[in-house]
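Colleague: Take a look at the letters that make up each chain.
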Amino acid sequence: MKKLTVINAKSSQLSMASFRELWDAREMLMLWIWRDIKVRYAQSALGVAWSLFPMLSQVLIYTVVFGKLVRIDSDGAPYALFALTGVVPWLFFSQALNAVSSSVYGAGSFLQKIYFPRLILPIAALFDKFFDFLISFSLLMILLAFSSASFNINVLFLPFLILIMMIAVLGFGMLAAAVAVHFRDVLHIMGYVTMALMYASPVVYPVSLVPAEYRYFYGLNPMVGVIEGFRSALLATRPMPWDLVAISAAVAFCSLVLGVIYFKAAEAKFADVG
Amino acid sequence: MADQQVILQATGLSKRYRIGSRPKSELSGKARWLNFITQPVQRFKKIRRLSNFDDKVSEHDVIWALKDVSFDVRRGEMLGIMGANGAGKSTLLKILSRIITPTSGEFRYQGTMSSLLEVGTGFNGELTGRENVYLNGSILGMQRSKIDKIFDEIVDFSGVERFIDTPVKRYSSGMTVRLAFSVAAHLDPDILLLDEVLSVGDAEFSQKSMQKMESVVKNGRTVVLVSHSTSTVARLCDRALFIAGGSIAASGSVEQITGLYLGNTVHTRATKIWQTALAPCAEGLVRLLSVRIVNAEREPLEIVDIRQRFGVEICFEILQPGRTVLPEFQLVNAAGNVLFTSIENRTAWGHTPREPGLYTSTGWLEGNTVNEGRYSVNTSLSSLAPRNCYLTENEALYFQVIDPLEGNSARSDYGLVPPGCVSPRLHWT
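Which chain is which? The protein sequence lines are A and B, in order.
Following the working numbering, the numbering of the first sequence begins with 1 at its first residue and continues without gaps.
Following the working numbering, the numbering of the second sequence begins with 1 at its first residue and continues without gaps.
Hints are not guaranteed to be accurate.
Each computed DSBU-like pair below joins lysine-lysine, with the alpha-carbon atoms no more than 30 Å apart [as the list claims (entries may be wrong)]:
id, chain 1, residue 1, chain 2, residue 2
1, B, K67, B, K45
2, A, K264, B, K45
3, A, K269, B, K212
4, A, K3, B, K212
5, A, K10, B, K67
6, B, K146, B, K46
7, A, K10, A, K269
8, B, K208, A, K264
9, A, K264, B, K212
10, A, K264, A, K68
11, B, K146, A, K38
12, A, K269, B, K149
13, B, K146, A, K3
14, B, K45, A, K10
15, B, K149, A, K38
16, B, K272, A, K2
17, B, K149, A, K2
18, B, K149, B, K169
19, B, K218, A, K3
20, B, K272, A, K10
21, B, K212, A, K2
22, B, K208, B, K149
23, A, K269, B, K208
24, A, K68, A, K269
Hints listed in this document are in silico derivations from the structure and should not be mistaken for laboratory results.
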């Protein structure tokens, strides 16, 4: 007897079956990510090297403006490296957040033509940008190796910090993506939100500039713990800020839970109103 | 053949949508400024209302695209779903495909189910044919290992072997469709849902895909097919549902339903004249201008007396010199059977290349040939040696043949429509 499947109004609700279904579609997910990356860099002479362009240009601008002109304190590290360790995770966060937010809306008529676990869309958008991150992260490591940086034991925590960052992107991105299907307003506003968030994250300045009494409130931005953690691991300017990292992890995890729940609740209506 | 086991069962499927409503009448003066402020709120409410329904009050802008649809499909059966545009058949197929969720009701099925609402879903021009086969296959639910196994078969069937490592954006549209269809044709689910995707590609490939579909059904696959084309349904399906206004209006044998479908949805229009810009045109070579049913005096006819001699007049334009072009047509009855195909047979045109210009050919049928009923005409422009079909226009027009029961027809005093595709008046001795 073959497997019996029952579909009704409640079938798209979150359950163990949702995750099993996602697991069964993993091959499609891999191909989908690969397609996004390949298509993005198809027929460009520089190819994937383009993924380094935003990073290098931003570091250059910040170094000139904030390092040379404004002379922001960089906790003793050379400002260019200080900015680089902030810009690399930040660019991933902002680009991936925008990509995940528009992933469902961007799928367009595809949603009307075939069924597949809709969770694939935000996840694919995340890993598409993660590929760029890996490239710029590699460049970051190479540059640091040449600049006699003080790698320390905290480097071992980098994968954990990266994971927090990815979880936060996915969580908040899925919330935004689900709302954006109904209200395009979300997509209009997303660019401004990430721009504002950049200044609410220690990308161009160190956390030590933030008054101590606001430290934990400030830390609710999950990128605060992540970027400070990166700097601690790669530049050893400060000890690992475990309190901020813990807050980031908690916020990221909560956003993922909320994101998955809300996304699955909204999913049934994607093809109706999208 | 179909055994008794129900493999797909739908129970009370319904789908509710909200249609757009006209905003309130024009505002003036102060109200307009107020409106500027309150509009975002109103829009917010309106967008929310799209997917939120109040069950307690009856809302005027709500439509049921599908209402209480129930049916069974048995293993190995091929079920056709027919109906006019907007009748709800696509909504039904989308629900079965899980693209949209039913508002109420449920369906259950055994084994695996795949749906094809278009061919080439997810195809990307930047990727090569090979890459697209894998991507499209995985989107349709095939395992990678399975695609590895049947890859050569897919490529063989599509006939694009030489270009399989070329980006698809350099393919002709015909090649893309053929490759996409080949992937789809090699899907192997227990139940297959199809939406009019059979009529893809050129005439030759369309024939090939039809044969593929027939072999699929013979292999005991269960298929649900949504189609406008009565001939496709008649050729492939065992049973059909006729959907009207979101509900099943009738279900039964294919002959009953296809007859009902033509009767219900197509008004006789026995003259088809294309505007130049919209005329079926084959790569700047030939263009179809009009197809008409005419009487002996070449006046257009809507309704043909069964005893009357009538002609199918095909008017076309040759745009480039040096080609032999022969018009041809098929006469198709309400059950979707092709009664015959007739090709322009004046020897002069068989081998003589035509000069650019307008041409008219008329194929004449003697009275008392075809039976009473509704007919459609498929028209093609082609050449015989080499056989090459420039263009085909299916169901270009419809007309009705009636028997006024005044004698001189085959049925003489027989009261009912005599069974049969043709109704010749034989010479009895």
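Colleague: Take a quick look at whether K45/B and K10/A sit within 30 Å of each other, Cα to Cα.
Modeller: Cα-Cα ~25 Å, so holds.
Colleague: Check the hint pairing K149/B with K38/A against an upper bound of 30 Å on the C-alpha distance.
Modeller: holds, 25 Å
Colleague: Hey, K149/B versus K2/A, does the alpha-carbon distance stay inside 30 Å?
Modeller: holds, 23 Å
Colleague: Within a Cα-Cα threshold of 30 Å, do K269/A and K212/B meet the stated pairing?
Modeller: violated, 36 Å
Colleague: Can you confirm whether the C-alpha distance between K149/B and K169/B stays at or below 30 Å?
Modeller: holds, 26 Å
Colleague: When you check the alpha-carbon spacing of K264/A and K212/B, does it fall within 30 Å?
Modeller: violated, 38 Å
Colleague: Would the pair K3/A and K212/B pass a check requiring their Cα atoms to be no farther apart than 30 Å?
Modeller: Given that 30 Å is the threshold and the Cα spacing comes to 27 Å, the pair holds.
Colleague: Keeping to a limit of 30 Å between CA atoms, is the pair of K272/B and K2/A held or broken?
Modeller: Violated, at roughly 51 Å.
Colleague: Do the alpha carbons of K218/B and K3/A lie within 30 Å of each other, as the hint requires?
Modeller: Cα-Cα ~23 Å, so holds.
Colleague: Assess, step by step, whether the Cα of K208/B is no farther than 30 Å from the Cα of K264/A, and give holds or violated.
Modeller: violated, 42 Å
Colleague: Next pair to validate is K272/B with K10/A; report whether the Cα-Cα distance is within 30 Å.
Modeller: At roughly 48 Å apart (the allowed maximum being 30 Å), K10/A and K272/B break the hint.
Colleague: Can you confirm whether the C-alpha distance between K264/A and K45/B stays at or below 30 Å?
Modeller: holds, 22 Å
Against the hints set out earlier in the document, violations occur for numbers 3, 6, 8, 9, 10, 12, 16, 20, 23, 24.
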